[in-house]
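*Asks:* The hints should help you fit chain B onto chain A, whose structure is shown.
So the sequence lines, in the order shown, correspond to chains A and B. Quick note: the first sequence uses numbering that gives the first Met the number 0, first residue 0, plus one each step. Quick note: the second sequence uses numbering that gives the first Met the number 0, first residue 0, plus one each step.
These are computed hints drawn from the structure, not numbers from a lab. Don't take every hint at face value.
To give an idea of the chain A side of the interface with chain B (calculated C-beta under 7 Å), a few residues [unchecked claim]:
{"#": "1", "residue": "Asp28"}
{"#": "2", "residue": "Arg30"}
{"#": "3", "residue": "Glu110"}
{"#": "4", "residue": "Ala308"}
{"#": "5", "residue": "Glu309"}
{"#": "6", "residue": "Leu323"}
{"#": "7", "residue": "Tyr335"}
EDC-like cross-link-like pairs, simulated, lysine to aspartate or glutamate; straight-line CA separation at most 16 Å [what the hints assert, rightly or not]:
{"#": "8", "chain 1": "A", "residue 1": "Lys113", "chain 2": "B", "residue 2": "Glu112"}
{"#": "9", "chain 1": "A", "residue 1": "Lys277", "chain 2": "A", "residue 2": "Asp582"}
{"#": "10", "chain 1": "A", "residue 1": "Lys454", "chain 2": "A", "residue 2": "Glu444"}
{"#": "11", "chain 1": "A", "residue 1": "Lys449", "chain 2": "A", "residue 2": "Asp390"}
{"#": "12", "chain 1": "A", "residue 1": "Lys277", "chain 2": "A", "residue 2": "Glu349"}
{"#": "13", "chain 1": "A", "residue 1": "Lys113", "chain 2": "B", "residue 2": "Glu116"}
Have a look at the derived ranges for each label pair, beta carbon to beta carbon [unchecked claim]:
{"#": "14", "chain 1": "B", "residue 1": "Gly95", "chain 2": "A", "residue 2": "Arg409", "range": "39 to 49 Å"}
{"#": "15", "chain 1": "A", "residue 1": "Glu110", "chain 2": "B", "residue 2": "Met18", "range": "34 to 44 Å"}
{"#": "16", "chain 1": "A", "residue 1": "Glu133", "chain 2": "B", "residue 2": "Pro106", "range": "48 to 58 Å"}
{"#": "17", "chain 1": "B", "residue 1": "Phe92", "chain 2": "A", "residue 2": "Arg114", "range": "21 to 31 Å"}
{"#": "18", "chain 1": "A", "residue 1": "Glu110", "chain 2": "B", "residue 2": "Met58", "range": "24 to 34 Å"}
{"#": "19", "chain 1": "B", "residue 1": "Asn59", "chain 2": "A", "residue 2": "Asp390", "range": "18 to 28 Å"}
Ideal Cβ positions, reconstructed from N, Cα and C, are used throughout, including at glycine.
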Amino acid sequence: MRATPAAAAAGTSIPTAYPPIADYAVIGDTRTAALVSRDGSLDWLCLPRFDSPSVFAALLDRGRGGHFSIRPTGSFEVERRYVGASNVLETTFRTGTGVMRLRDLMPVTSEEEKRRELWPNHQVLRVVDCTEGEVEVVIVCDPRPDYGARIPAIVDRGRFGFQFGSRAGALRLHTEVPLRQRSGTPGLGGRLTLRAGERRHLSLTFNLEEPAVIPPFGEAAEGKIRQSLAWWQRWAERCTYQGPYRDEVIRSALALKLMNYAPSGAILAAPTTSLPEKVGGARNWDYRYCWVRDASLTLRALMDLGYEAEGASFLSWLVDATRLTAPQIKVMYDLYGETRVPERELDHLEGYAASRPVRIGNAAGDQLQLDTYGEVVDAAFQFVLRGGALDRDTGRLLVGLGKTACTRWREPDEGIWERRGEARHHTHSRVLCWVALDRLIRLHEGGHLKAPVQKFARERDAIRTEVEARGFNEDLGSYVSVLDGDQVDASLLLLSLYGYADDGEARMVGTCERIYERLGTGPLLHRYVEADGLPPGEGAFGIAGFWGVEARARQGDVARATADFERLCACANDVGLFSEEIDPGTGACLGNFPQAFTHVGLIGAALTLAAASA
Amino acid sequence: MNVASVLLWGFVATMVLTMVMSLSQGLGLSRMGIPFLLGTMFTPDRGRARVIGFMMHFMNGWIFALVYVLAFESWGRATIWLGAGIGLVHALFVLGAAMPILPGMHPRMATEERGPEPTRQLQPPGFFALNYGRRTPVATILAHLAYGAVLGAFYQIAAG
Numbered sequence: 000m001r002a003t004p005a006a007a008a009a010g011t012s013i014p015t016a017y018p019p020i021a022d023y024a025v026i027g028d029t030r031t032a033a034l035v036s037r038d039g040s041l042d043w044l045c046l047p048r049f050d051s052p053s054v055f056a057a058l059l060d061r062g063r064g065g066h067f068s069i070r071p072t073g074s075f076e077v078e079r080r081y082v083g084a085s086n087v088l089e090t091t092f093r094t095g096t097g098v099m100r101l102r103d104l105m106p107v108t109s110e111e112e113k114r115r116e117l118w119p120n121h122q123v124l125r126v127v128d129c130t131e132g133e134v135e136v137v138i139v140c141d142p143r144p145d146y147g148a149r150i151p152a153i154v155d156r157g158r159f160g161f162q163f164g165s166r167a168g169a170l171r172l173h174t175e176v177p178l179r180q181r182s183g184t185p186g187l188g189g190r191l192t193l194r195a196g197e198r199r200h201l202s203l204t205f206n207l208e209e210p211a212v213i214p215p216f217g218e219a220a221e222g223k224i225r226q227s228l229a230w231w232q233r234w235a236e237r238c239t240y241q242g243p244y245r246d247e248v249i250r251s252a253l254a255l256k257l258m259n260y261a262p263s264g265a266i267l268a269a270p271t272t273s274l275p276e277k278v279g280g281a282r283n284w285d286y287r288y289c290w291v292r293d294a295s296l297t298l299r300a301l302m303d304l305g306y307e308a309e310g311a312s313f314l315s316w317l318v319d320a321t322r323l324t325a326p327q328i329k330v331m332y333d334l335y336g337e338t339r340v341p342e343r344e345l346d347h348l349e350g351y352a353a354s355r356p357v358r359i360g361n362a363a364g365d366q367l368q369l370d371t372y373g374e375v376v377d378a379a380f381q382f383v384l385r386g387g388a389l390d391r392d393t394g395r396l397l398v399g400l401g402k403t404a405c406t407r408w409r410e411p412d413e414g415i416w417e418r419r420g421e422a423r424h425h426t427h428s429r430v431l432c433w434v435a436l437d438r439l440i441r442l443h444e445g446g447h448l449k450a451p452v453q454k455f456a457r458e459r460d461a462i463r464t465e466v467e468a469r470g471f472n473e474d475l476g477s478y479v480s481v482l483d484g485d486q487v488d489a490s491l492l493l494l495s496l497y498g499y500a501d502d503g504e505a506r507m508v509g510t511c512e513r514i515y516e517r518l519g520t521g522p523l524l525h526r527y528v529e530a531d532g533l534p535p536g537e538g539a540f541g542i543a544g545f546w547g548v549e550a551r552a553r554q555g556d557v558a559r560a561t562a563d564f565e566r567l568c569a570c571a572n573d574v575g576l577f578s579e580e581i582d583p584g585t586g587a588c589l590g591n592f593p594q595a596f597t598h599v600g601l602i603g604a605a606l607t608l609a610a611a612s613a
Numbered sequence: 000m001n002v003a004s005v006l007l008w009g010f011v012a013t014m015v016l017t018m019v020m021s022l023s024q025g026l027g028l029s030r031m032g033i034p035f036l037l038g039t040m041f042t043p044d045r046g047r048a049r050v051i052g053f054m055m056h057f058m059n060g061w062i063f064a065l066v067y068v069l070a071f072e073s074w075g076r077a078t079i080w081l082g083a084g085i086g087l088v089h090a091l092f093v094l095g096a097a098m099p100i101l102p103g104m105h106p107r108m109a110t111e112e113r114g115p116e117p118t119r120q121l122q123p124p125g126f127f128a129l130n131y132g133r134r135t136p137v138a139t140i141l142a143h144l145a146y147g148a149v150l151g152a153f154y155q156i157a158a159g
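So here's chain A without its partners, still in its complex pose:
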């Protein structure tokens, strides 16, 4: 358990220091998500969607961003967990006078149950119990819509709660705790003393239209908690994985599920923006979108765990999203497949721990990444391998992508790591074009679509010839990042994962060794070490370490792969969540959080280890 400094916990003002990124846990309803810190402060929530403007953004500006905190006064120690295999967060505060338990959730249930009663569009339900002694609790609710740009008017609706002025919809706080508008500072505040056995509910609801739906408290609220727990636990039980590290796999699956936007099937990279890859630095990006790069590995992870519906839904979204741009593919799409998400900086926010600028939108969408063709086609191929079927439209779309890959594979691009600047001839991009054509040929041979196989085979072979001649450096004994180059990057580990190369081949073994030698710190791997036009100092890339585990396991070094896997798992926070990057020196979480791709990596590595150990 970690102690929280008394100075930080006293009074109604928020601490000026930013908690470590690992101090956060996530709750959500698969249409949006909230981040709650160890000391009970909800510091990030966007409404009504993941990519909507925030209503709480203290994560990115302690003073202006807005927060909703519930904590004991005085000093306390904290322990937290998710309740069973669910996304219901439970934080336990031990003070000198008693113990307080805070449960946070965004209620969920089945579509059938939702049809039986009115649900608000979104709800954050926070339930405070005193389980021992007595605890004085201080509560602050200070929403700041539009990324902290506005201080909303507050209207007291009496027993119907407080209404906050919001352009997006009706935002209300309904509580069993007397709160008042604070004098001198925005928002609502209140204190109360809870004694053992006492419980209070607080409910923040968001409705897109009036009249607003205000869920009742008491047994109805307890029913929502039971429904949510039951739904999540039933979902977790559908996981077919029974191998080692099952708890870690289930937690990763639950995290991934929270980042699955259910109305469209999209899976976003992370529910946050601008958490820094280097604290105090400028590598702060908006990840509330869907990267095609992640497609194939994400689909495999979902379906190999038995979540066929999520996998099918995701593929359906992927095919639908790329329709607007087919036969070209963009790097990223928004939740409904829009490609234009203009990037801009929010100058009024100071950034997490002064990491500026804070950005919303993402200019990476304008880049060319030729590997995306392979990732989309391979996602469809993996879907078919696991029993899925492709309709004619999808087949035609995929063949169109293959034809584009044939004409474009020789071009330079920005590559999987989206380095801004000059386009280059990336080996990984070439190989993924090979993957696209290879999979299309195999889908054609399986009767799943009709492709010009002779042309595709010719181009596929031409790619291999070029990669083997120019993408491999004899002096290094390794595949290299860029044709005719002498640097390596972590994406080269995917050459064997996608079946282009065999793990046991000397070239792949050498590549793996060179990557660990140049990019590794223990089991952690950086993406690359070359200058990329931005200030240096990013952390190790979470998923890259798991790719290394897979490569070593498939090479037969299961013992080392297992040891590495366990060390990587230890880099998760106390509730099993990973960020995008990890500081190799301190183990601190860096970058947006939680990161879907890192959790996909954990799942993939666990599955590979289980298969290798069998």
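*Replies:* Structure of chain B alone, referenced to chain A:
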């Protein structure tokens, strides 16, 4: 009412509208396919849905043409601009009023409140059908302007 004229030019106007929407799909401006949207109300089979939807779409085209024609008859004249004006109102109604309620009527369309159960159903259109592409409203308005303009230009007011 000039029934023959309604039938003929209602058909032509619907064809023009369909072509404009298809063109906008082909150019990547919008993913909205009206025949597909309509047909999937009756079947999950994509191919069959398009056929059924196509037939429904043309039936709807005739039904809406009746409304346009009643307006023309009540004014005693039919012109391109009158037709296009009604088309604009028609498009705004479809986008602003019909699209938001479509998830409630369509048995295979997800709502924006869906979750956490995954969906393999159709995505909801959202406000002004923006979920189908940010240029969908423009494409829809242009298609309906064309529809109304054709009817306005060619419908012959009933004699007497």
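*Asks:* Each of the hints needs a verdict: does it hold here or not?
*Replies:* Evaluated hints:
Interface restraint check: A/Asp28 against chain B, minimum CB-CB distance 6 Å, threshold 7 Å, status holds. The beta carbon of A/Arg30 comes within 5 Å of a beta carbon in chain B, closer than 7 Å, and the hint placing it at the interface holds. The restraint placing A/Glu110 at the interface with chain B holds, with a minimum CB-CB distance near 5 Å, inside the 7 Å limit. Given the 7 Å rule on beta carbons, the hint for A/Ala308 holds: about 5 Å separates it from the nearest Cβ of chain B.
Hint status for A/Glu309: holds, given a least beta-carbon distance of 5 Å to chain B, under 7 Å. Look at A/Leu323: its Cβ gets to within about 5 Å of chain B, closer than 7 Å, so that hint holds up. Taken as an interface hint, A/Tyr335 checks out: its beta carbon lies about 4 Å from the nearest beta carbon of chain B, inside 7 Å. Proximity of A/Lys113 to B/Glu112 is assessed by CA-CA distance (about 10 Å); at most 16 Å being required, the pair is judged to hold.
A distance of roughly 9 Å separates the Cα atoms of A/Lys277 and A/Asp582; the hinted pair therefore holds under the 16 Å criterion. A distance of roughly 14 Å separates the Cα atoms of A/Lys454 and A/Glu444; the hinted pair therefore holds under the 16 Å criterion. Distance check on the hinted pair: A/Lys449 and A/Asp390 sit about 12 Å apart at the alpha-carbon level, within 16 Å; holds. Between A/Lys277 and A/Glu349 the alpha-carbon distance is near 15 Å, which keeps this suggested pair within the 16 Å criterion.
Only pairs whose Cα atoms come within 16 Å are accepted, and A/Lys113 paired with B/Glu116 is accepted, the gap being roughly 11 Å. Between B/Gly95 and A/Arg409 the beta carbons are some 48 Å apart, a value that agrees with the proposed interval 39 to 49 Å. The hint said 34 to 44 Å for the Cβ distance between A/Glu110 and B/Met18, and at roughly 37 Å that hint holds. In this structure, A/Glu133 and B/Pro106 meet the distance hint of 48 to 58 Å, their C-beta atoms being roughly 54 Å apart.
About 28 Å separates the C-beta atoms of B/Phe92 and A/Arg114, a value consistent with the hinted range of 21 to 31 Å. Checked against the hint of 24 to 34 Å, the pair A/Glu110 and B/Met58 passes, with Cβ atoms roughly 31 Å apart. Range check, B/Asn59 to A/Asp390: Cβ separation about 25 Å, and the 18 to 28 Å hint holds.
In this structure, every one of the numbered hints holds.
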